[in-house]
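*Asks:* These are the residues of each chain, in order.
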Amino acid sequence: MLLELLRRDLRLHWGSLVVPILILGMGLGAVVMADEGTRLTGLILETSFLIPMLPVIIHQRESAKGTLGDLLVLPVSRAAVVRLRYAEVLFFTGGLLLLAHAAVWVELSVAARHPIPMSVMSRDQFLGVGVLLIFWFAYPMPLFLGWGMKGLVVGYGSLITLVVTLAMTETDLHRFIDASMARPVAMALVLAGLFTLSYLLSLKFFSRRDF
Amino acid sequence: MRPLIRMAWATSRRLLLLMSPLLAFYLALMVVHQVTKRGTDIPAIAFTCMFMLIIVSTFQGLTFDVEGFMASLPVTRAQLVRTKYLLSFLGLLAGLALTLAVAGLAHALAPGRAAAPTPEELRSAVALALVDAFGLFAFLPFVHAFEPSRGILAFSLAAILALAASLAGWGLDGAADLFRFFQRVLAQPAPALGLIGGLLAFGLLSLSLSTWAYARRSF
Amino acid sequence: MSSPLLRIDGLAKRFPEFELKSVSFGLPAGLLMGLIGPNGAGKTTLLKAILGLVKPDAGMITFQGRDLAREGAALRARIAYVSDEPKFMPGVRLRTLKEVHASFFPAWDEARWKSLMADFGLDPQNKSDTLSLGQRTRFALTLALSRDAELLVLDEPTTGLDPAFRRELLARLAATLDDRRAILFSTHITSDLEVRADLVTLLRDGEVVFSHSQDALRDSWGVVKGGLDLLETDGSNGFQGLRTNAHGFEGLTDDVESARRRYEGRALVERASLEDILVLLGRRRPEGKPHAA
Amino acid sequence: MANLLELRNLSKSHGAFNLRDVDLAVPAGTITGLIGANGAGKSTLLKLVLGLLPLDGGEIRLFGEDARLGGARLRQRIGFVQESPTLFPLLRVDELGEVVAPFYPRWDRATYRRICDAFELPRKTAFARLSQGSRMKAALALALSHEAELLLLDEPTSGLDPLMRRDLLDLLLEVIQDEGRAVLFSTHITSDLERVADHVAILKAGRLVLAGAKDDLLESWALVRGGEELLEGPLKDRCRGGERTELGLTLLCEGAGSLASLLPDGALQERPSLEDLVYFHDRGKESLCAR
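Protein chains in written order, with this note's numbering: chain A, 1 to 211; chain B, 1001 to 1219; chain C, 2001 to 2293; chain D, 3001 to 3291.
Careful: at least some of the hints might be erroneous.
DSS-like mimics (lysine-lysine), calculated; alpha carbons at most 27 Å apart, straight line [stated by the list, open to error]:
id, chain 1, residue 1, chain 2, residue 2
1, D, 3236, D, 3214
2, C, 2021, C, 2055
3, C, 2021, A, 65
4, C, 2087, A, 150
5, A, 65, A, 204
6, D, 3204, C, 2127
7, A, 150, D, 3124
8, C, 2087, A, 65
9, C, 2055, A, 150
Hint data in this document are derived by calculation from the structure and do not stem from the laboratory.
Okay, chain A solo, but in the shape it has when bound (with noise of 0.2 Å):
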């Protein structure tokens, strides 16, 4: 059933992919601009952002053409479509920092004029991508799935507030961070943890709701 939905969704929503990958496109010239060093962290960066909301966009593009309806009439349960979305940003995230590994490396070796040897994801830039797949996905995800364009609302607009909060406040997040970089496993299995109690949060709430 999920690969149904799978292809569904492509084939109906590709068009509104271009949009966010526009943007990432933009996004990439502007890293591209950015001196030598933070051009990967700058892409991963900004990949992490855009990515994790491409199943946002697909859901909020279903209800505001008004086919969520039509979704929901076909033989497959809420928690079929809750299954969907989850898998989505997975499918999204995995597949388009190896699109972002890619064209960096390209351009290196445009730029450099000889192929350089392709420079893996360190360890910490894993889990900084778990943990913005986290805040930016996992947590306004189920305010959505429950509450629609309120919920969304709601659930951006919580985490800008925090990220400014703390950026004004200046806290320093540095000795948190090595911390939890310290013990790699334990905050795998946090994130995951997080990631699955969304996933129930959101099928307790779209369940629920009507249409």
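Let chain A serve as the given structure and place chains B, C and D on it in line with the hints.
*Replies:* Below, chains B, C and D without anything else, positioned relative to chain A:
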């Protein structure tokens, strides 16, 4: 035209509200970027933030197909196109102002860490705005000739082709160098005026092209 | 008569704007039931509850004896639904929309779909956003009729369709009925139902006013038309609904025989059409006084 | 009585929907009904008058002026409702009035509020959350609140229940009490037209097949029911369409007044309803009437 501006504001007010979390996030990120980095160059995110503002001000028609209703109002097609150009231009100016304000804010918040905006930095911000203007004037005719979603597809194809062409070393190589080229030109007053004049001419050409195409559109 | 194919017991749902209060009726296999009622009476909510789009506060819906709340996904493989405003993803070809839809239904009948598309004058290559309301409804019907669904739930399918096509559609729908299938058909154009509906359910203000066979309706409901003076002398308590204008009054009664005897020679008493019943019953249950527009 | 709208051999090809030299006049103080099959070109015709579609051929005279020249200014005197209106989904019903008001010099806020209340519209609800019927009512309220002289309504009664339809039709009758105004509306519900329309125009595949005062039209056509013998007699060349069912033949014939003499015995003649006229005209013409 005034009723059209009021209508645009009344309808996009709620859309701006919906987009505001995303914009606020990018602004916050710019501040963080400014405060934590010693670097002097304008953070790359500003580029995206300006682009986002332009999308909001022009794309009212994309999310909800209101173009048919707008065309049925007692206004000419030319007025509708002029309003969109004005809104996009305002979006551009707002983006530029926001970028400079954030640079100033970062400096005010942490004077030790973020330097005050130097003239060189101001010139980069203006250069960035001009790159946006160039992209905007190239983009708007597409959105007027075709209906919005198809227009974006056409533009993204054209943009990717242009980027590929420039990457392959024909003339300018890449948007990045367009930015550096504008930065260099803005350094001296005479070429700067020439550049701005050229861009204005390109804008007028884009406006008349859009008006011509929009008059032929069926709703 | 075996247990009905679709049974609704005490269905209740409260919304801020209006409420569906304990709706119950049954739809046996082999029959077409018309669902009528004023705007905002809850027809769409009721149909959406059958499809699991709306979660009822109370009550139970069973299809072929199985509880829809628990086995909704499996049962939806055998229920086809056309909404009152069929919407499709814009900029997509009809052929692609069909393929995406058909992949969820093993019993999909491709030949039947092609012939329906031809009969309904639709070109699979067309893009979805070039369709008018009438054409979108027709396309939604081709999807619903091309898999062997045992229950058709149609929410105002004839709104955007022209009279000729409506006649053909109803004839085609009636032809699909057999001892395993039934059709639930909500509409505002009551003339469509007069010819084809076996059963009629009237929903008003979230409650079922009646759910009878069309013949039973024909024998009991009537309209009394007379001068305003008659209204003064006889009063209007005998009427279920009343509408007055400059020339006189139209009173609705659910006991046409006694009305004929009572107004013999003083007023015109006729059979009530479904439209008369709807218009004269008015929108909300009158608190005591019949609702006079 | 001046014509508020005149179409002179209008033609347009717009994808699947096209119109071929349509002539139509809408006199002031009247209601004209436009009926026809899906895709017959009804919406295309209304959109052409409004300037939403560029014209291929022919001429449109609005209030005596050429529509192509004064388009925007003339639209101030027109009220238009689309088939399924989208307007601004995020705006509330009362906000819609505020946003549209500056475009129309004769906009009247009290009228807008009165019509919204008469239609029982929740003023604080966003347009997107209204049902299809209520969305149509909101669009109608907008079109009726700036004293438009010409109302162009594309299937305004679709999605409305019989009670609300009758209220709307009464409202349209009220509009044309003022001699200077007129209504042109397309619909699929012919019983509505029989109730209010003075003139009727029937479109089929882009051509204006029948047009004229409704009562004259219904009087001049006749439905003749009988057996196969109907086709042998002189009736054949007066027939414009018909249908063969298991019950026998039904033919739509012109010149109802002088038909009685041509009827074979046992045949029945009756006055057609509008729906019959639309349904039978040109139906099975080749096989039955063999003109």
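*Asks:* For every hint, state whether the structure bears it out.
*Replies:* So, going through the hints one by one against the coordinates:
Of the pairs offered as hints, the one joining residue 3236/D and residue 3214/D holds, with about 25 Å between alpha carbons and a cut-off of 27 Å not exceeded. For the hint pairing residue 2021/C with residue 2055/C, the CA-to-CA distance comes to about 14 Å; that is within 27 Å, so the pair holds. A hinted pair counts as satisfied when its Cα atoms are at most 27 Å apart, and residue 2021/C with residue 65/A does not qualify at roughly 31 Å. As the CA atoms of residue 2087/C and residue 150/A are separated by approximately 23 Å, the hinted pair is consistent with the 27 Å bound.
For a cut-off of 27 Å, the pair hint linking residue 65/A to residue 204/A stands: about 24 Å separates their Cα positions. Of the supplied pair hints, the one linking residue 3204/D and residue 2127/C holds, its CA atoms being roughly 24 Å apart against a limit of 27 Å. Under the criterion of a C-alpha separation no larger than 27 Å, the hint pairing residue 150/A with residue 3124/D is consistent with the structure, at around 17 Å. Of the supplied pair hints, the one linking residue 2087/C and residue 65/A holds, its CA atoms being roughly 7 Å apart against a limit of 27 Å.
Between the alpha carbons of residue 2055/C and residue 150/A the distance comes to roughly 20 Å, so the proposed pair stays at or under 27 Å and holds.
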